[in-house]
Each structure stands twice: as C-alpha cells, then as structure tokens.
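The opening residue of the sequence shown carries number 1 in the UniProt record's numbering; numbering runs sequentially from there.
No wet-lab data here; the hints were simulated from the structure. Source: prediction; values computed, not measured. Backbone N, C-alpha and C define an ideal beta-carbon position, used for all residues, glycine too. Heads up, a few of these hints could be off.
With a straight-line cut-off of 27 angstroms between C-alpha atoms, the simulated DSSO-like cross-links for lysine-lysine are [claimed, not checked]:
| no. | residue 1 | residue 2 |
| --- | --- | --- |
| 1 | Lys-618 | Lys-406 |
| 2 | Lys-406 | Lys-309 |
| 3 | Lys-458 | Lys-468 |
| 4 | Lys-174 | Lys-406 |
| 5 | Lys-468 | Lys-309 |
Just the calculated beta-carbon pair ranges, DEER-fashion [stated by the list, open to error]:
| no. | residue 1 | residue 2 | range |
| --- | --- | --- | --- |
| 6 | Val-465 | Thr-193 | 54 to 64 angstroms |
| 7 | Phe-463 | Arg-302 | 19 to 29 angstroms |
| 8 | Arg-142 | Asp-350 | 38 to 48 angstroms |
| 9 | Leu-404 | Glu-451 | 47 to 57 angstroms |
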Amino acid sequence: MEYPRPHFDRSHSWSSLNGDWDFRAGTDQDYGRTITVPFAWETPASGIEAHWLPEAWYRRTFTVPAGWAGQRVVIQFGAVHHEATVWVNDVEVAGHRGGYTPFEADITDALRAQGDQEVVVRVSAPLDKRELAHGKQRSIPRDDFDGVCFTPSSGIWQSVWLEARPATYLAGLKLRPSDGLDAIEVEARVSGTAEATLVLSLRGTDLSVEVPVVNGLAETVIPVAEPRLWSPGDPHLYHVDATLTSADGTDTVAAYTGLRRIEVIGEDLYLNGSRLFVRGVLDQGYWPLTGITPPDDAALRRDIELAAKAGYNLVRKHLKLEDPRFVHHADVLGMLVWAEPAATGRFSADSVAAFEEQIAPMVERDGNSPAIIIWGLYNEEWGLDWDIPGDPAKQAAAARAYDLLKALDPSRPAVDNSGWTHVKTDLLDWHYYDESAASWGRTVAALLNGEQDDFPVKLGPDFVVRKKLAGAPGQPLRGLPNLNSEYGTGFTSVERGWQLRWQTQELRRHDRVAGYVYTELYDIEHESAGLLDFERRAKDLAGVDPADVNATTTLVLDVVPVAPGRDLLSESREVSVPVRVSHHGGEPVNGHLHTAWTPVFGPAPASPGVEGPWIEAKPFLLSAATEVRAELPDGWTSGRLHLALVSDGAVVARSAVDVDTFTGFVIGDNR
C-alpha cells in the first residue's frame, strides 16, 4: 500500500487503518454494517450506498506496533467530509471541520498499556451544504449551480493511518527553489519542548548540513551543484531528508521539490525563463464506483497519462483538494497542475470563513510540488451569489482570499475568481461557452483585441447575462496573461469533437492568448462533456484526435465552419484553404503542407498524402497564410481534406476540413 502523504514522508514508521470499519447511521443503536474506508458512504465501493444520511459513526480496533515503544502515536486523517469527532478508547482526541483538509491527533495518552485499541469517529455531513466548502457535491436545498453538481461524498474519503514520532518532532518542512534555481530554500517547523538540532541531507549527494532550531524554526539554503531544472520534458526531483535529533529521540521526514520558476511577465507566462503556453484540461476527480476517492493509486496516475496522451500539458483539478498522491504523480510525470479549493454555495460570513479555512492547509500540504504552477480560489462567483459587481462585500471577500494566498506563497500566480469578474488576480481567465463557431471566433477576437471587455454567459435556458473580465477598481483589464480556462460545447460526442477542433484553433490564432483549459477530460454522472466516458474509455469524436488539436505545433485554417460534417461548402470539387501555423516550440518550424482525402469524419490516414506548398513559423507568432488547393476525388461529392505539416520527414501538425459540394441546404446556423 502506498504511503498517503508523499510530500511529508514518514513511511518508515506508519500503519494503515484503511479497510473494514464497523458502521452505523446516526439513528441506529448498533453497528450493524461494515464500511470500507476510505470510500464515501454514498458509493458502491464503501459497501453502504446510503444517500442523504446526515450523520454516521465509524468504529474499529487496532494494535500499536511493538517497535513504537517510547514514541508518540499519532492518528492521521487525509480528509473527512464534513465534520469529524474522534475518540480513542472513549477519550475524545480530535475535532475537525472541513471536508477537504487533513488533520491529526496525538493519541498516546488515550492508549491502553497493551492489547487492542478502539477508535470511533462520528461524522456530520449536513444535507444543506450551501455554507460549507463542498465543491461539486449536491446540496438540499440545492445550490444555484446544482445542475453541474454530482452525488455527495460523505464521511471518510481519504486514507486514515497511524504514525510514530518523538515528543519533539518535525511539524512542517517547506521546500522552495531559490531565485537563481541553484539551491533549495528550507524552512522546517519543530514542535516539542526539547532542544533539538536539524540535520538536512540532499539525497543522492554527500551534502549534509546542520541547522539550529530557534523558537521552533530552522531555516537554511541547500546549494545544488549543476542544477537540473524541473519541467514537463524533464521532471527531475530533488529529495531532501530531514533528521531532527533531541533529548526525546530522532524524527526523520523525507520530502522533495523541483527547481523551477513560474513567472508572469506582461501578458505571458514563463517557465524557467522560457515562454509557456498552457494546454489544459479540466479534471473534477470523480470515479464511477468510488465518488471523489480514486479506486486505487493507479487510477490517479492513469488520469494524468490520459490527459498527456490527449496533448495536454496541464490539468486543472477543479473545485477539489485532490488526494495528495495525485500531485505526487504529476510531479513525477511532468504534468503541470492548476490547484484550487472546494467551493461554497451561498454568500455569508460562515461560508466565507469555511472557504478561507482551506487556503493555508492547501499551501502547507501541496506547496512543495513543482507541478503546481497556478493556485485558483473562487470559481465563477460560486459562494458569492453570482454578484461580485453588485456588492463591495463580495469583492472584498475575493480580494481577501487572494491576499491570504499570496502571503503564504508569492511564488505562483493566483486567480481570485476564475472565469468571471476579476477583483484581484495575476491571470485574466475567462469561461466562454458558445455553440456557434462563427460567434465563438468573433467574441474571442473581440476580447483579445480590446473591442469587448465582457462576454455572454447562459445561466439558464432563457437567461443570458454578460460577464465582465474585471469588476473592481484597480484591477486592470489588460496587461496580464489571458486564458480561456473553460470552454467546450456540443450535445453529442461528434459535435464536441468538432467544437474541440475549431474552437481550440481560434484560441491558437491569437498570439496574446497564454493558454486554455478544455472542459473536460471525462464524463461524470449526467454530465457528458468529456473526451472520454466516465469509465475513461474513448468516445466517438468523428475522426478528431485531441493530440493533434493540442499539439505544440498546430494548423490554423482561415475557415468559418458551417456544421459537423460540412465545414466548407463548395460549388465545385476544387477547394482552396488558407492555412497558418501556430507553433509553441523553442525553435522555428518549417516544412511542406500535405493533403489527403478520406470520407467525411474519417481519421487521418497513415500517409500525409500529396506534398504541397512550403510554410514556416516562428515560436509564439502565428504564421502568414499559405493557400492549399485540392480537388475531391472523382465521383466524390463530399470528403474530409486532411492537412499535415511535414518537417524533416516527420508530421508535426495535423488538421482537417470536411468539404461538401451540396449547397442547396445548410445544417446548423452559424450567424
């Protein structure tokens, strides 16, 4: 079994409490059922599948390993939704509120001298979650955004385990790259009463330093000879072993980080001094049988691998503090991460407090991760009653959340209110959904060239509002990186594949865009917006390969498509398509454009086809258009024209356009 907390690792001295626990609903008198921890009680994997249960009790016995004699024994909870009270041998040892944040309790003084020990956990999971940090879990009464919420996940939903440590111990180990990316800055927090000395070593080297502990804090800088920077292409990690020695004994913790820098420079993002274009996908962290808990560790890794296979370099983990092993796998695999806390539902003093209580634990738990390059906060004014522009108190709440986060971690860009009406932010991101390819392209262009500072948002079947990019004095509308951090439409998977290709193309058309986040990687329950279904199986995208859409080098066609299967209407079998290149590599790219025909919706053929004109592009600068001419094969009245850029013998970019010579009728309306 994998150790649950890889960024603060005491795996040399732990014992898992996952598995079978006794279970009873709050109204029951006896523990008549068994639940499998750590799966929420609504899920089939838990063995319970109880819905709208406001309270339940857990119980199990355990033994303390004999080798832990003389140590303090601590029980750790990864996350429990929503409020937990913990007893060991009838002694209350912990109380915690907040369904997504970890907590612990020293249970040593509650332990019996020998034999079995008993732990009991009472969990309260209110049905009305609107003032709680609950993310995408449904509430009764419902949230305003209930239509995009899912089955609640209540109870113990992350790992539970025991650890042994001395009475004087390491309480925190913060690792950050130095400004010069040639050292690791270390800040260790120590708790306990004994005088202690901290010894730090950089694993894989003979470097070791001793650091004094003063008032519970030890700080130093560990130089790195010949530093190797962390990046998606080379996710190199530096492991730091910390050993604390005191009169109470020795405590050892292993942690790691990467040497990397994420910067906002004008309207651009830079990673390690090189321009970064974010190609992101939304991942909400749900699974069919296990809810918000992954079925196993491999499932976390697989989701990252699936995102990478689709051409994405970033995952936005949406409205959820995910299991810390997800962040670990992103660190190891080189997947960038946009991390954010769970949302509340309605605006009140209590809901604002509940939201803010997540910020410090989020940074504490995951701040060492090199993969996390963006911190998110509020989303679309959820928990702010969709009314930042009309209420200074809500503006103040968004600004205060930003200030709290930046005080803890100024090294990463932060987003105050993703998608709508920014108050205080490092990135100007916007969420824009549109079924019309034509109006999509026009609106994106208008937002980026300054003609518009707002865009339409459909909040209901007949309720459309216009949301501004910024809504408070002092927040600039220009001069920061622009990201479309949610987009993607289409009722069927064929339509979604079509919109994925054409809408993403329009984002690549504009050099001022710093990136995008497509919604979303996989379906969840009733929400069929994924590139994959809920079981992570591929869907019929009508010949569209997301890896081509999201490639480092893409083709941008000067075509306003009409409808799926009928992108371009032609009066003859001869067509002419203006083609541009969007390239986000480090060096210029050039080559010949090739053409090949398949039936409409056909996948790209193995051969790039007939060689055509030469084209070249510089990094992050859309190329001039090159005209590509082709003729439908004899007897064909429609077909898919595949276009490929071949450079040094390899296909580096692909796109396609479906051509129809029937012009008497038009499917769809792109006015």
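_Run the distance test for Lys-618 versus Lys-406: straight-line Cα separation, threshold 27 angstroms._
Cα-Cα ~35 angstroms, so violated.
_Assessment of proposed distance window 19 to 29 angstroms (beta carbons of Phe-463, Arg-302)_ = violated (38 angstroms)
*asked:* Against the 27 angstroms threshold, does the CA-CA distance of Lys-406 and Lys-309 hold or violate the hint?
replied: Violated: Lys-406 and Lys-309 sit about 33 angstroms apart, past 27 angstroms.
*Given the range 54 to 64 angstroms, decide if the beta-carbon distance of Val-465 to Thr-193 lies inside it.*
Check passed, 58 angstroms falls within 54 to 64 angstroms.
*Are Lys-458 and Lys-468 close enough, with their CA atoms no more than 27 angstroms apart?*
holds (14 angstroms)
*Going straight from one Cα to the other, do Lys-468 and Lys-309 come out at no more than 27 angstroms?*
violated (34 angstroms)
*If you check the beta carbons of Arg-142 and Asp-350, does the distance land in 38 to 48 angstroms?*
Check failed, 18 angstroms falls outside 38 to 48 angstroms.
*With a cut-off of 27 angstroms on the C-alpha distance, tell me whether Lys-174 and Lys-406 pass.*
holds (16 angstroms)
*Leu-404 paired with Glu-451, Cβ distance criterion 47 to 57 angstroms*: violated (35 angstroms)
Going down the numbered hints, you'll see the structure goes against 1, 2, 5, 7, 8 and 9, while the others check out.
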